[in-house]
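**Student:** Chain by chain, the residues run as shown.
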Amino acid sequence: GEDVEQSLFLSVREGDSSVINCTYTDSSSTYLYWYKQEPGAGLQLLTYIFSNMDMKQDQRLTVLLNKKDKHLSLRIADTQTGDSAIYFCADGEDNRLAFGKGNQVVVIP
Amino acid sequence: DTGVSQNPRHKITKRGQNVTFRCDPISEHNRLYWYRQTLGQGPEFLTYFQNEAQLEKSRLLSDRFSAERPKGSFSTLEIQRTEQGDSAMYLCASSVDSRRELFFGEGSRLTVL
Numbered sequence: 006g007e008d009v010e011q012s013l014f015l016s017v018r019e020g021d022s023s024v025i026n027c028t029y030t031d032s033s034s035t036y037l038y039w040y041k042q043e044p045g046a047g048l049q050l051l052t053y054i055f056s057n058m059d060m061k062q063d064q065r066l067t068v069l070l071n072k073k074d075k076h077l078s079l080r081i082a083d084t085q086t087g088d089s090a091i092y093f094c095a096d097g098e099d100n101r102l103a104f105g106k107g108n109q110v111v112v113i114p
Numbered sequence: 006d007t008g009v010s011q012n013p014r015h016k017i018t019k020r021g022q023n024v025t026f027r028c029d030p031i032s033e034h035n036r037l038y039w040y041r042q043t044l045g046q047g048p049e050f051l052t053y054f055q056n057e058a059q060l061e062k063s064r065l066l067s068d069r070f071s072a073e074r075p076k077g078s079f080s081t082l083e084i085q086r087t088e089q090g091d092s093a094m095y096l097c098a099s100s101v102d103s104r105r106e107l108f109f110g111e112g113s114r115l116t117v118l
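Chains as they are written, first to last, in the working numbering: chain A, 6 to 114; chain B, 6 to 118.
These are calculated hints, taken from the structure and not from any lab test. Just so it is clear, the structure is predicted and the values come from calculations on it, not from any experiment. Treat the hints with caution; some may be incorrect.
Lysine-lysine pairs mimicking BS3-like chemistry, simulated, CA-CA at most 30 Å apart [claimed, not checked]: (1) A:Lys106 / B:Lys16; (2) A:Lys106 / A:Lys41; (3) A:Lys75 / B:Lys62; (4) A:Lys41 / A:Lys72; (5) B:Lys76 / A:Lys106.
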C-alpha cells in the first residue's frame, strides 16, 4: 500500500446517514478496507471490498469504489451513537496495510 | 479466546533507555504484525512474522528496533536507546495466513521523556 488520504472530522445526528471518503494511490491492491477505532479499543475490521467490485453492502454499511478516480467511500445508514469512532481506510497486500489518517465521526444524540 | 493481548499498556521512559513490548496473538494465528500509530495518524506497518520467521521489515524500522517471535507464538518488540520521536502507540495484530481480517490488540503506548 502507498499513500491513503482521508478528511478528518464529521459530525452527524443520530439516525442520519454519514459518508466518509478516502483516496488511495496503490491501484495494485486486491482489496481495500475500512477499519474502526473506538477509544481504548483495538482497531476492528468493519468491511472490505474486492478491487474489481464497484459496491458492497453489509447491513448498514455501503462501500463504493471508484477505481478510475481511486476513490473509496463508506456510507453508514441510520447512524447510531455506537458508531462514534475514528474510521480508517486502508490498502495493501497480505495485511501489510497502509492506513489513511482517519475520519473522526461524532454522532450527536 | 481473549483476543490479542499486549503488555505493558503504557510505558514511560527516559530518552536513551531500552524498552520491550510483548504481544500475545490469538492462538492458532500464524501471522503476527507490528504497527506504530502516532497521534492523529493512521497505523504504519513495521514488520510481520509468519510463525517464527520475520518476513518483512519496513524502512521505518531503524536498527534500534528489533522484533522476535522465537517459538512462533508471542512476539517482542525492543527499542534500544529510545528517542523522543519513538513516542507512539505500538500495535500488534494477528491473522490466519493472509486472510482478510487483522485482529488488533489495544496497543502499548510509549512515552519517551
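**Student:** The structure should be examined with respect to each hint, and the outcome stated for every one.
**Tutor:** Verification of the supplied hints:
1. The hinted pair formed by Lys106 of chain A and Lys16 of chain B meets the criterion: a straight-line CA distance of about 24 Å does not exceed 30 Å.
2. Taking the CA atoms of Lys106 of chain A and Lys41 of chain A, the gap is about 12 Å. The hint holds against a cut of 30 Å.
3. Taken as a hint, the Lys75 of chain A and Lys62 of chain B pair is honoured in the structure, with Cα atoms around 27 Å apart against an allowance of 30 Å.
4. A distance of roughly 23 Å separates the Cα atoms of Lys41 of chain A and Lys72 of chain A; the hinted pair therefore holds under the 30 Å criterion.
5. Using a Cα cut-off of 30 Å, the hinted pair Lys76 of chain B and Lys106 of chain A is violated, with the two alpha carbons roughly 34 Å apart.
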